[in-house]
Structures are given as C-alpha cells and as structure tokens.
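Assemble chain B onto chain A, guided by the hints.
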Amino acid sequence: GESVGLHLPTLSVQEGDNSIINCAYSNSASDYFIWYKQESGKGPQFIIDIRSNMDKRQGQRVTVLLNKTVKHLSLQIAATQPGDSAVYFCAETGGANSKLTFGKGITLSVRP
Amino acid sequence: NAGVTQTPKFQVLKTGQSMTLQCAQDMNHNSMYWYRQDPGMGLRLIYYSASEGTTDKGEVPNGYNVSRLNKREFSLRLESAAPSQTSVYFCASSEGGSGRGTGELFFGEGSRLTVL
Numbered sequence: 001g002e003s004v005g006l007h008l009p010t011l012s013v014q015e016g017d018n019s020i021i022n023c024a025y026s027n028s029a030s031d032y033f034i035w036y037k038q039e040s041g042k043g044p045q046f047i048i049d050i051r052s053n054m055d056k057r058q059g060q061r062v063t064v065l066l067n068k069t070v071k072h073l074s075l076q077i078a079a080t081q082p083g084d085s086a087v088y089f090c091a092e093t094g095g096a097n098s099k100l101t102f103g104k105g106i107t108l109s110v111r112p
Numbered sequence: 001n002a003g004v005t006q007t008p009k010f011q012v013l014k015t016g017q018s019m020t021l022q023c024a025q026d027m028n029h030n031s032m033y034w035y036r037q038d039p040g041m042g043l044r045l046i047y048y049s050a051s052e053g054t055t056d057k058g059e060v061p062n063g064y065n066v067s068r069l070n071k072r073e074f075s076l077r078l079e080s081a082a083p084s085q086t087s088v089y090f091c092a093s094s095e096g097g098s099g100r101g102t103g104e105l106f107f108g109e110g111s112r113l114t115v116l
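Residue numbers (our numbering), protein chains in the order written: chain A, 1 to 112; chain B, 1 to 116.
Bound conformation, chain A alone (with noise of 0.2 Å):
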C-alpha cells in the first residue's frame, strides 16, 4: 500500500547548527506536501507546503525541497533553536478525493 515515511525516529543537534529531516513517500500521485510541527501537549503546527510542480520553497529560517524522482522530501531548519525542539511530521495527498496521509513523526532534541 501507499505509505509515508520517515528515515529516523530522533534527531539530536547543536542550537545553531542546522538541521535536515527526512520523509520518504510512495504514492507517486501525491501532489501536496506539508511539513507539521508538534510540540509536547499539543496539536500540529503548520510550518510548510510545496507543490508537486516546485522543488524548492522557503519561509522564514525553514527550506523544503522536494525530489520527485525519488520521492523524498526534507525539511532544513536554520540555525536551530531550542523552540524548535519538537515532533515533525511530513504529509502528503494526490490524486482526487484523497486526504492527507501522515508520517509517524520524528523528534528533533536541540542541545545547548
């Protein structure tokens, strides 16, 4: 079946560093992309989109790039921070009548 994926469960960087995070997909219908932030005790955050029809979109400290080719998608946080230490999600839909399918999620720790 279709699935959305993500590489690693925890990510662990220095504040400041920048961070990459990973998301595989595989309904290669999907044409819709948005990256979700989660804090603790709390819902999603929109952070995010892309269309299929771009590879590249930035928003402020934040870049998501998309290779269709290979179906993978990331999410570059500059110059981490400490608020930025979360749960993200990658999602994705395509095609008619779908609705988003999310990724299991991974933790981003930001360390001192």
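A portion of the hints provided could be inaccurate.
Partial list, computed: chain A residues near chain B (C-beta under 10 Å) [claimed, not checked]:
#1 Pro9
#2 Ile34
#3 Gln38
#4 Gly103
#5 Gly105
Computed from the model, here is a short list of chain B residues facing chain A with C-beta under 7 Å [said to hold, decoys possible]:
#6 Leu43
#7 Leu45
#8 Phe90
#9 Phe107
#10 Glu109
Source of the hints: derived by calculation from the structure; they are not laboratory data. As the structure is a computational prediction, the values presented were derived from the model and not from experiment. Think of the CB as a built atom: it goes at the ideal place given N, C-alpha and C, for glycine as much as any other residue.
Relative to the frame of chain A, chain B by itself:
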C-alpha cells in the same frame, strides 16, 4: 480567534462506557476531521466530513461514530469504549472541501482519552 476547540481535554472511561468528544471551529472551514495519535503510529484518520451534511470513514473508523452537527461542529462518539481506544484524539479543519487536495489542516489541542 480560537481556531479549533476540543472538549474535554482529558477523560478516563471504563470499558463499555460511552462518551462524545466535541469539536468546534470558528474559521468557516468546509472540512473537518478526527485523528487519533498513538506512540509510533503517527496520526491516523478516523472520520472526516468534507462538507456540512457529509461524513466518510477514514483509515480506522471501527468503534467510532461521528456527527457533523453544522458547519462549525463535528463530534466523535465512542459507543462502547475499549482499552484499544486509549489515545490522544485530534480534531482538525481545513478550508478545502471534498475532492482533490485537503489543503492546510488546523488542529485543536487534543483530547487525551484513557479507557480502563
């Protein structure tokens, strides 16, 4: 602007009891969703409502029922709770209606349910 509001935030039930989780959004969104989140499982869709008056099953609908009361409100009911339904439940809404692409989902803060 409250966004998506869920109640209750915490609930403990005994096996076989029933309860309803309430959700309301004030963003005039067409679509609403109920997800459950379990450790290592990510977010799994239980039911959704693409527009007022319609509801559809998601990935894990068994043991649940939903009601789209009006455009603002979408409730999730457990008729006979089981320990396997211990989870954190999230309600979400999005502007997009039925059909291709859901767009950005806005989530509530979650409802933590424990079934003993």
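- Message: Hints numbered earlier in the text: which of these fail when held up against the supplied structure?
- Response: The structure conflicts with no hint, since it agrees with every one listed earlier.
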